[in-house]
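Visitor: What follows is the residue order along each chain.
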Amino acid sequence: MTPNRSIITRISVIISRVENLTALYALLAIVVVVLGLVSLPFIAYQNDQLYEKTLDPESTLDPYDRGGVPFGTTPVKAQYPENSPYAGYVTAYLTPFSQWLADTTHHMGTTIVAHPGGIIDEILYNTRGLDTVVETSILFVAFGIASYLFRRDS
Amino acid sequence: MDDLLVLLFAAVALIGAVSAHLQRDRFGKLIAVGIVFGGIAPFIAARGYLDVLIAVSLIVPVTTIIILLICRRDAHDA
Amino acid sequence: MFNLPTTNIGGPELFVLEFGDIVTYFSPYTAALFVFALIFTVLAIVSRPERQVDFAFGGDAYYTKVVDPDLLRFQRFMAIACGLATLGAMVTGDVFNFTLFASMVGITNIGIVAAYRNRHVLNAAFQYGIVAMLASIPLFGGAAIVLASTGTLSMWELFGGAMAVPLIAKAFLVLGVMGEGMAPFYIAKAEITRAQGAPFILMVHVSSLLLFLRVTEIVISM
Amino acid sequence: MTPEFILGCIILIIGVIAAGFPRPMTYLGRLISLEIPGFGLLLIMLAYDEMLALLTFIGVTAISTFVLVRAIERKEAAE
Amino acid sequence: MIAIYLVAALAVFAAIRATVEKNTGRKLPYVNVMNFAIAGTIVLLLNHPLALVAAAAYFVGSTLEANAIASTYAGGEQRG
Amino acid sequence: MLGELFHILAAAIISWILFVTVDIFFRLPEAGGVSGASAIARDIEAGGGALSGGTMMGNIVCSPDASAGTLLAACGVYVAGIPGGLVAAALVFIGNRICHDPGYAGTTGAVLATFVVYGFTQVGFAATDFIAGMVIAILTIQGLSHAHASRLLARLWRVRE
Amino acid sequence: MDVAYPVGLVVVAAAIIIGFTALVREKDDLHRILLTDLAEILALVLIALVATDLAEALILPGLVVGISELMAVSEVYIAKEGLRAPTGPPFRIEVMNSAPGILALILVAYGIVLSGFTGGVIAAVGAVFYFMCRGHTEQFELIETVSGYAWAFWIGAFFIFMFLPGYWFFGVMIAGGAILLKVMAKMSLVGTMRGGGPDV
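Protein chains in written order, with the working numbering: chain A, 1121 to 1274; chain B, 28 to 105; chain C, 178 to 399; chain D, 58 to 136; chain E, 144 to 223; chain F, 272 to 432; chain G, 422 to 621.
Be careful, since some hints might not be right.
As the list claims (entries may be wrong) - Dumping the calculated DSBU-like pairs for lysine-lysine here, alpha-carbon to alpha-carbon at most 30 Å: (1) D:132 - G:448; (2) C:347 - A:1197; (3) A:1173 - C:347; (4) A:1197 - A:1173.
If you are wondering where the hints come from, they were derived from the structure by calculation, not from laboratory data.
This one's a predicted model, so the numbers in the text were calculated from it and none came from an experiment.
With the rest of the complex left out, here is chain A (with noise of 0.2 Å):
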């Protein structure tokens, strides 16, 4: 490196070498974190949430009982109820496997709510159906190039 080179030109030739980038990249997102750290204390949680959890350790759907009869209507205070006309359908559908597991054991509750039915599924496919939509076309193009550049070289 020749000395008489002003730091401006040093810089930009770090810059502009591609290897460089990631290392930059975390320093700048270091430096916001440290400037974050200070606010972090301050940040408030707000009790006022959408989709609140309810638990109730006694009910054989545990971490998931949201209640609600099926087909009928469940208060699910998702964002915009009224876009929604048959929000909390899915939430307290059970099917005939899963009514069966929820009357036999105590202890599947996960299971029962990852069958079809319950409100994950409400709020993937239902309230907020446009991220699941994204998140498999996101899924779609990773794994066209994955596959484009394993058949080109293989």
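We have chain A; now place chains B, C, D, E, F and G onto it with these hints.
Guide: Just chains B, C, D, E, F and G now, with coordinates in the frame of chain A:
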């Protein structure tokens, strides 16, 4: 689960985590990761999520076996 | 029309389409961005790529490089996906949805660039991919902090002014979009001179420009 | 502040240190160390009863480990 | 209900022994003791038929892990 | 309190005898079921133990054998009586197949232990005593001193032969 | 709950500082990929701290986005370095003959019961493990076509939810099944991508 049990199993998990960092041998590291999971399993059981525990305890060994694919012994100690 | 807290979001509301909790909308500003993105997406669909011309030194001969049709199809697919993601990011009315669209723009940009066999170009695409993955911390983290501190993700609520969004969340969002949309600033170096396929490369530039404009609007309005 | 949460935070920090500065600075050492912050996240999810997320996370960890193993074994074979 | 405290204490003891031991082959038996203790704890914590399946799944899983580690340590399958 | 401790100790001795007998009957100390078991045996021998005892310890580590069968059978009896023990035996069988174990020591041990544990619950023992007792029993084999335990097992193995 | 959130944020901030410091010092590209995996975990912690059902529904897409980006970037890395599949005898241990059949059966069956993202990932773990240990026949095209159709089915289900909400029941069933198929198919392709397969 009362306080004493919490402390005991937390101790198991912490011993595993710290030793996984400090071990230099690759098999030692893997064993220590297994110990961490041993400390965590009772916490899942105590909350009553048994189906999750079954699934997780079958998948964690699969992860370990996948890592073992690149752990051939000839690369290092005698 | 709906029970939304504000009917006036970034100018007079032109059109609203509700997907459950995610209410997409057009304001004059985003409509302009949308039309811009739409034009380039259509361009990517209909255009034929330019062919690069190599001159042989010491003579008058020149030849055009052969464009691999497989590569062309792949790049066109990626460019269209990138355009669609940009369109989505322009109109969405939800912070988390916006971050997802931004990630999709990032990954399609990787795809457009990574299609080349040139090692330098691949290296640039790889470094950019690492940054785009790192950017998921600020992006998702920013959206998560917005959710935790205000209790909502909808821009219709957040733009009203009643909610105090923490500064760190805004900084995270900007940082995240910087990571996802950083591509043109250095891919350009490796890319313009060494690779063919101009309209698709253009898509990289357009999408990141529009992402920046959009995130600026979001951060200022919150 | 449940015990799971506190334990999860401690293990997360230990794991980040372990993965950031693994003791033998090898690919394998770092890959194994990456499991530890994963367990920290698992405990934090457990503390908030996010069981579906926990289950998905463990599955994704296995698959991403496989992806990384594939890259590492090719890299080591090339050396 | 002293059994569960006894089992938990044995788990800690075994974990410490496994950490202190240097040799991989001699480490694994200590881990095995810890797995016994944890599997017992799962059933002792929750008296439910599914807890039995969970304990068996944990035990089989960790045994499989130990088996795989030991076999890799031994240099893989002897062929031919 | 003291009575329960006494029960646990008695249960430990009973299950120790049970699983060592079954394992030696099924010739576990003879050869390692998988290469990992042989490696553990070599390391234990290098640490001052006996080879055949070490082989048996390696087999215990590498596959659910009679000791695991006893533990799970005690758990099964604790949660659901005799049927629980038989379910535990089935689970041990699946575990044996997963772990590339050719033998049937685990399954046999589980079935035997089911009836033994059930019998003792009729005379004042609790099934939990057997769970804790089995952990203590396995501790004496695997967790205290590998050299001494393997020599002891080797001596028993010579008696069997 | 109220105390836990700021504490969690401080912990994550400390973790980000440590992890990114390691990243700044790291020069090797493969090590950088490994560290980005760490970054994904930290992003998920931030979402998990919100602790509502909504947070959980946000984690699931976040996870899948993370793994697909990791997949693409590692493939770019392999292409960039021009790395080849290792030659020489494949690595075998005994349990790789016995475990995959039973474990993959359990995991795939359980995954199909679960459905949706979770089920897709669990079933894919089983499939990846099976392909890894037992080798595979090349049927890329079939798997990819299946997942393409699954994607289209899911989009159809989305429009049912949005425009014909009265038929929500069919929407749930189609969506659960289609996402299961899609995620599982894509992820199990990873298992076949290791190439070769053991000569058993």
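Visitor: Each hint: holds or not?
Guide: Now the hints, each set against the structure:
The straight-line distance between the Cα atoms of residue 132 of chain D and residue 448 of chain G is roughly 15 Å, inside the 30 Å bound, and the hint therefore holds. About 26 Å separates the Cα atoms of residue 347 of chain C and residue 1197 of chain A, which keeps this hinted pair within 30 Å; it holds. A distance of roughly 27 Å separates the Cα atoms of residue 1173 of chain A and residue 347 of chain C; the hinted pair therefore holds under the 30 Å criterion. Our distance criterion of 30 Å between C-alpha atoms is met by residue 1197 of chain A and residue 1173 of chain A, whose separation comes to about 10 Å.
When the structure is compared with the earlier hints, no violation turns up for any of them.
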